[in-house]
Every structure is written in C-alpha cells, then in structure tokens.
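Enquirer: Residue-level listing of the chains:
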Amino acid sequence: MLTVEYTLPAELRADILALAQEELHPQGASVAALQLVQSHFRWISSQHLQEVAQLLDMSPDALDGIATYFNLLFRQPVGRHVIMLCDSVSCWLMGRDRLCAHLRQTLGIHPGETTPDGAITLLPTVCLGHCDHAPALLADETLHGDLDTDALDRLIGSLRETP
Amino acid sequence: MTAATHPLTAMITPAAPPPDCAAYEQAGGWQAARKALKILAPAEVIDMVTRSKLRGRGGAGFATGQKWSFVPKNAASERRKYLVANADEMEPGTFKDRWLLEGNPLQLVEGMILAAYAIQAGHGIVFLRGEYHLPRKRLTDAIEEARQKGWLGENILGSGFSFDIHLHSSAGRYICGEETALITALEGKRATPRSKPPFPQFSGLWGASTVVNNVETLCNLPHIVTNGPEWFLSLGMGADGGTKLYGVSGRVRRPGAWELPIGTPLRQIIEDHAGGMLPGYSLRALLPGGASTAFLDESALDVAMDYGSVEKAGSRLGTGTAIILDDRTCPIGMILNLEHFFAQESCGWCTPCRDGLPWVERLLGALEEGTGESEDLEELARHARMLGTPGRTFCAHAPGAMAPLASGLKLFADDFSAHISQRGCPLRHAA
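These protein sequences, in sequence, are chains A and B. Numbers in this note's numbering are just positions in the first sequence, counted from 1, shifted up by 4. Numbers in this note's numbering are just positions in the second sequence, counted from 1, shifted up by 39.
No lab work stands behind these hints: they were computed from the structure. Any given hint might turn out to be false.
Reference excerpt, derived from the structure (chain B facing chain A, CB under 7 Å, subset only) [to be verified]:
no., residue
1, Ala80
2, Phe101
3, Glu170
4, Arg292
5, Ala382
Quick list of the computed label-pair ranges, beta carbon to beta carbon [to be verified]:
no., chain 1, residue 1, chain 2, residue 2, range
6, B, Gln65, A, Pro81, 15 to 23 Å
7, A, Ala14, B, Asp59, 45 to 53 Å
8, B, Arg90, A, Thr110, 52 to 60 Å
9, A, Gly69, B, Glu414, 23 to 31 Å
Virtual Cβ for every residue (Gly too), placed ideally from N, Cα, C.
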C-alpha cells in the first residue's frame, strides 16, 4: 500500500492515534478523527483524509465513503462561520422558505455556497430538535429559534464581526 | 410538578444548568442505582422493568424488559457486552430527548447504570447526534463527574460490577437512529442497517452482545427501580405504564413539550397544553408522532396517545411529538417537504428506497410546480403500496416515509386533484 507523508501536526496525529486506541478496532474512531481534523481546519482535505486513513489503518476510499456519507463532515472548504438553516417539516410549516430567501438575498449566495469574503457558508440541515421554536438554525455551535428576518439580520451582523 | 407525577422532568428547571451529583442525590437521585447494586440481582431488575410494561420511547415501542431478556446471561466480567443509549434524536418534529439530555444528564447516566447492570454490560456508549452541542457539553460534564464520584468505573459501590460510558458524537445521518445502522456507525463504517437475525442482543457492536435503548426509555429506569412497577403502571391512563414526553409544533399558541400520563388524549395535549390553534388558523390534520407516522384528521383528536390506541386510529404513537398542519398550509407541500427529507436521508443500500424515494419527491414537486398529471397520482399510490409494505425494503426507512404519503393521498385527495386541474398549488401564495 502507498504511504503518504504527514502534513498534519504531530500533536493532532497523536490525538487521532489516542482516539483509535480507545476503540476495540482503530476504524471505530473514523468519525471522531475526521471531526477532530475538521475542528482544526474547518474542513477535510484529500491530503488530510489520506493521512487519517493511514493512521487508522484504513483505505482512503473507505474513509472517504464515511466522510461523504455524513452531513456534518465537510469535504470542501467552508467560511469562518457556518449557518445551518433547518429545512425539515416543523420549520417549513413556520415559514423557513421565506427566511431562506431572505438569507440568499442578504448574503448573495445559494445554500451550499460561501460568501465571497469567506465569512459565512449557508447550508440546509435536517430537523434540529428545536421545533417548538421553529423556524430554527444552528450558527456554528449555537442554536437560534423563533426566527424572523430581523433576527437573521442581527445574527449575520454579529457573525460578520466575529473572526 | 413533583417526582410522583412528573418523574422524568421534576428535577429540570427551565434555563437553569442541570443538577450536579449532589443536587441530583438530594432530589432523590442515585437511590435506584444504590438499591440495584446493593440489593437486587440483575434478573430482578429485568423482572421489575418487564412488570412495569415499559415500552421503548424511541418510536418502535418494543417492550424493554423483553428486549433485555434475550441477552445472554453471563456476568459482565465474563463476556463483552454493550449498552447503547440512542440519543440520535433526528425524527423531524421531535424535540423530547434534548429536554432530558440538557435538563438532567445524570438521570440518563443512572438509567444506563441500571440497564447495564440488568443485562450485565460492562461498556456503555451514548450515541449522540452531532448537532446537539449543548447536550454534548452537559453530558460530558455529567459523565466526568459521575466517574469522579465513583458512579462509573471499576467495582461501583463495591458491588463487583464495573461499567463506564463513552460519548460518541455522530456526524449527522437520520438512519443512525435505526439500531443496526447505529451499531454499524459505531464501527466506523457507513451507517447502513444490517439484516436481523442475528439480533444485536446476540451479535451487535463488534460482534458482541448489544442492547440499544432510547434516552427517554433509559431515563424511566431509576424511577421504576425506586418506586416499583406497580407505581409506574398506575401513572398511565390506559394499558401502558408511566408518563410520556409529548410535544406539539406548528401553528399553535404555545408550541412545546410536556410530561403527561401516557394515554393522555390528543385533544387535551393540543388544546389544553399547546393552547389550541393560533387565531386565524384551524387544524386540518396532524402527524401524531414525528415525520414517519401517518396523518390523522380532526375526527381522531379524541384518541388516547398510547401505542395501541394510536395504531387503532390508523397511525403510530412514534415519538409522541405531534406536528400540526393548519388550514392555510398546503398538505401536498408538507408531504413534499417530508419526502425530500426521507429521500435525502436514505442510506442508499437497497434499490427500492434509494431510487423510489427521489422519484416520489419529483412527482410531488411536479404537482406543486403545476406540471403534474393524473397518472402521477397512480404512480404515487403505487409507490406508497410497494415501498410501504415492510419486507420489500431492507429496513423500516421507506415504510416510514410512505406513512404520511399513503395517508395523505386518501385524506387530501381533493387537494391532489386541485393541483392537477389548477396546474399548481392553490395555496402557494396564501399562507
């Protein structure tokens, strides 16, 4: 099997090996390892994916099958902030389509895209479990509910100001 | 609210941090774990839970005691076994487990200790959905504190029983809620379901004996063990025991979740607790327990929200969180939204589900866009029939997806025809 030269920082590689060690088999750490890489670089590049595969004794294609399977693992670069707007049924009933149109217009991008200044990526997401406060979204790790266009404008303003 | 009537939520204060080990103990926590580990044999815990008639709160409603009874009886020290808490709450319209995870994570820890002791599992895992960031932080703290206080780890309370909990943060796929897909995900593979048999109790995670229980199910255990199965049975209004976390979302006055006796009538939940419909809206229909349950209309409002009664009314209790369709929102638009979700979240393993669900989504999309033909309705009905019958697809994903479609085709027949005759959605701009 081909070997790749590591570009991941040594500390991160050690953390990934430690995750693998906790599992009965190294592959059990695949999602956690990819999450760890993403928490450092905001996405998972093909180079990093190959390195993680090597650390976990997996084929890069098997690991990419996992990376591309899960909604929250990004195989493309994303902006400094990620807005995930719920597109499931309770939020749809409460007018999420109007909010999505407002975000598209305000940010000048479609869902799946990043603003040209690299500040914000807009993505649809499945139900966030905040249905009693629909419509809802997740901005990075923070849940926001009872949204209207004013609340969205305030949120975008504060995200743009946060590095 | 007291622990006598609201056992699951009595310790939860809105907007306050969850109780720590000391506060949890002061409010009655840890009694059950102490009782089980010091006085009860594992078989006695299984017997109590069986007699309580506790049924799985994740949606399928399988009897918990019976599920455990299939686990090989070896001691935890002799055989590798797993207990997994299913905290992958991803059923659209469902927001009940998050309440328990954020509000009282130690209750889940204690529930897991009891379940693990009953089936003699030494390894615990919480399978948490990746979008639940606050629950992750609170659970991490709770598990760490429980470990420090000796509630997790080697030889708990000197009982000889050892058990620890690992938190697995998932990365977002609905199918992981299906227990065999969840197990596959824990092995670091694409989360496709597995065929049963072998059942996970015999061959689950890494081939070891495994039980997967929902968060709400596990949170009931401390109360059953402390107060006894008879007490638990007396909490329910009908055949089932205990309380249930019910929820309502949609255009009602007070969307929310409440802990109520299981079997509370649907009308009472919507009118008394959710405050009825918002002014200017009336109730058209509803999904009683999440996206994969069949529509019920107003004529079914007096149904008792327990497993058997909702099934008799033509749907399923599911997760117990109702989604309300109002009279100013298009039912076909709602079904399109649901089928988009199911098509996207199909794991792709079996052809009928992988190819059938996107086809259903396209047919519904065409109706909304005004390019639908009457033959499309037959095609939708054919899909509802073919994909809706269990056994024709690899798992229950597609049958779940067909529940709102099959019931919707009957209940909203006039709306479907109107989309064809008027070449588009009559309500598109009305809402």
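Enquirer: Hint by hint, say whether it matches the structure.
Expert: Results for each hint:
1. Ala80: Since the shortest Cβ distance to chain A is 29 Å, the answer is violated.
2. Phe101: 23 Å, violated
3. Glu170: 6 Å, holds
4. Arg292: At about 12 Å, which exceeds the 7 Å cut-off, the nearest Cβ of chain A leaves the hint on arginine 292 of chain B violated.
5. Ala382: Constraint on alanine 382 of chain B not satisfied, violated at 12 Å.
6. B/Gln65 with A/Pro81: 15 to 23 Å: 50 Å, violated
7. A/Ala14 with B/Asp59: 45 to 53 Å: 37 Å, violated
8. B/Arg90 with A/Thr110: 52 to 60 Å: 58 Å, holds
9. A/Gly69 with B/Glu414: 23 to 31 Å: 38 Å, violated
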